[in-house]
Amino acid sequence: MAELTYRDAVVRGIAQEMTRDPDVVFLGEDIGKAGGVFKATVGLYDQFGPLRVRDTPISEQAILGAAMGAAMTGLKPIAEIMFSDFFAVCFDYIANEFSKSRYMSNGQVKCPLVVRTGNGGGARFGAQHSQSVENWCMMIPGLKVVAPSSPRDVIGLLAAAVRDPDPVIFLEHKSLYPTKGEVPDGEIVDKLGTASIVRPGKDATIVALAMMVPRALAAAEKLKSEHGIDCEVVDVRSLVPLDTQTILGSVARTHRLFTVEENPRLCGWGAEIVSIVADEAFYDLDGPPVRITTPHIPLPAADILEDLALPSVDRIADRVRRSLES
Amino acid sequence: MAKAEDRALAPSASLNDDIGEETRLRMYRMQVEIREAEQRAFDLFLQNLVKGTSHLSLGQEAVAAGCAAAMQPGDLSFCTYRGHAHTLARGVPIEQVLGELMQRDNGLMRGKGGSMHLTSVDHGVMGSYAIIGAHLPIACGAAWRAQYKGQKDVSVCFFGDGTTNIGAFHEALNFAAVWKLPVIFICENNLYMEYTPIGDVTAVQHPAADRAASYGLPRIIVDGNDADEVYRTATAAYRKARAGEGPSLVECMTYRYSGHSRADPAKYRPEGELEKWKERDPIKIYRERLKQFGISDDIIVGIETDVKRRVDEATEKCKAAPPPSLDILTTDVYADGGFAWRN
Chain A
0 MAELTYRDAV VRGIAQEMTR DPDVVFLGED IGKAGGVFKA TVGLYDQFGP LRVRDTPISE
60 QAILGAAMGA AMTGLKPIAE IMFSDFFAVC FDYIANEFSK SRYMSNGQVK CPLVVRTGNG
120 GGARFGAQHS QSVENWCMMI PGLKVVAPSS PRDVIGLLAA AVRDPDPVIF LEHKSLYPTK
180 GEVPDGEIVD KLGTASIVRP GKDATIVALA MMVPRALAAA EKLKSEHGID CEVVDVRSLV
240 PLDTQTILGS VARTHRLFTV EENPRLCGWG AEIVSIVADE AFYDLDGPPV RITTPHIPLP
300 AADILEDLAL PSVDRIADRV RRSLES
Chain B
0 MAKAEDRALA PSASLNDDIG EETRLRMYRM QVEIREAEQR AFDLFLQNLV KGTSHLSLGQ
60 EAVAAGCAAA MQPGDLSFCT YRGHAHTLAR GVPIEQVLGE LMQRDNGLMR GKGGSMHLTS
120 VDHGVMGSYA IIGAHLPIAC GAAWRAQYKG QKDVSVCFFG DGTTNIGAFH EALNFAAVWK
180 LPVIFICENN LYMEYTPIGD VTAVQHPAAD RAASYGLPRI IVDGNDADEV YRTATAAYRK
240 ARAGEGPSLV ECMTYRYSGH SRADPAKYRP EGELEKWKER DPIKIYRERL KQFGISDDII
300 VGIETDVKRR VDEATEKCKA APPPSLDILT TDVYADGGFA WRN
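Protein chains in written order, with numbering that gives the first Met the number 0: chain A, 0 to 325; chain B, 0 to 342.
These are calculated hints, taken from the structure and not from any lab test. No experiment lies behind these values; they were computed from the predicted model shown. Glycine residues also receive a C-beta, built at the ideal position from the N, C-alpha and C atoms. Be aware that a few hints might be false.
[Claimed, not checked] Here are the computed distance ranges between Cβ atoms for each label pair:
id, chain 1, residue 1, chain 2, residue 2, range
1, A, A87, B, Y267, 30 to 38 angstroms
2, A, G286, B, Y194, 52 to 60 angstroms
3, B, G73, A, D45, 31 to 39 angstroms
4, A, T18, B, I298, 55 to 63 angstroms
5, B, V300, A, A87, 55 to 63 angstroms
6, A, T18, B, G73, 24 to 32 angstroms
7, A, R264, B, R309, 52 to 60 angstroms
Please model the complete structure; the sequences and the hints are all you need to start from.
Pasting the structure below:
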């Protein structure tokens, strides 16, 4: 067991898989000699060499297209798109190409690849470098979508993503890179499609993803200590496949559902979860499900504005308390 | 290849037998097969037996035949939505192509892809891509795999003149050149992007070849209606790629006889243009070429008769084939064979 940053967990996860399988290759902008703009790929170039860790031009379409072509002919590429906002300039591959080729070809074409990207806000980068784009990806049949919240999950879910036979979008949260957590020694391989109850509780279920997980946990502590409200926190971890059973099971125990989403409100993943719970566990609920989200706005750059926009510990705690007390 | 542009200006008059009879007969058969199958697809469309859309390569057969004949087994083709010709040229059975166009269970992808997405991995046809430019980077990736694994296959990527104005074209060319990838980019310049003349919307005269210098590549223009010229140019490009000397960009000058798609009557063409190009019909040129090399009428007519019979047989099989079974609606979304996104 060692304490590792989320950033260093990315390095360890990639290195674990590249060591295991020579078909795993890694490409992206500034990932090699420079070690990544977030320093999340430091040392990989030295360890695995320029043939396996390849710096690319600023050509996001070429990066994802090349990853697809390599995947469909036998490699297991990990492609980095520096900021998830840049998905918009290479979205064809995400929305039309590697997500659909298996289906369109009646199973002939296989695309086992991973797209890693820096997702989410909190860094004061403004509207084009701060978005949470998980719902852009979640809506596309053929993709799997993962967003780890802890260093341990970074390694385990990254390993699962690399070994998965389907294309996986791997959303790393930029503001979590410096955060630390305990990580077991040795190989770590997790399972896609499994949510995790990161805090048990009996009064309400708070479902969260990525950076919203530590915030939901902090809100749960505050609710407990200040109001005696005992919340269960579920880390979704994997949006596709979605572990609805863990969420439904939690709601069956607590009878209240809150989602905490960093994405802007419309069509966020929480809406899907609320819909599933309404369909399948309506009579478990003692009150209306509540979605706590970023408003339907582009993210501002100024710190006090961005902090106001993203769900905060205080906002989560306040919203849960008001709902339970009403 | 340096003289390619000169050669493109006039039909080859020389009787250079560098290609050989067997390959020539193979290329003639391919061209006739593409012509007959495409014409049949058009007829079936008029009978409402081919549904959706289809983009025919009538008039462009020599590009497909010349490029495919120069390939080796294991080489990979990446095609566009105008991909029937390149699919047939790799040996995919006519029945499977027509079956896909007719949305039958015997189709290449059992009706799940349709005309614009013909794919036959077993034949090295790694897909037909309907978003302009998308497959150029994908072909780069396949070529990267060959380079990384030390495999000797080349990836050949076909696209139209209109593709040269989209970003993915330029990203892929630079990427391939910087990484020295074994990938060949074949531009079929049929003079029209869709309905608009390519010259009206492009800053240079030759939309592909005039951009080659930007990526440190030679300017190659070839007569795309002469299968021999295409074959020679493709052979040289593949050899260069296999030798680890990097990509090539080839612009084949050709012309499509039909509109952009089934919906387009091509009324935008100047009067007489189609007729002028038909004088240089690739199959007509090649038929004369075979005769110049002493191939008998019997052999030539024999090929034509055999191809027509096979197209007829394939058509009848497709007409008799059932539609796809309904249970495939949700198969092969994910690798487990299904479409489950939740537990």
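Results for each hint:
no., hint, verdict
1, A/A87 with B/Y267: 30 to 38 angstroms, "holds (33 angstroms)"
2, A/G286 with B/Y194: 52 to 60 angstroms, "holds (58 angstroms)"
3, B/G73 with A/D45: 31 to 39 angstroms, "holds (34 angstroms)"
4, A/T18 with B/I298: 55 to 63 angstroms, "holds (59 angstroms)"
5, B/V300 with A/A87: 55 to 63 angstroms, "holds (57 angstroms)"
6, A/T18 with B/G73: 24 to 32 angstroms, "holds (30 angstroms)"
7, A/R264 with B/R309: 52 to 60 angstroms, "holds (59 angstroms)"
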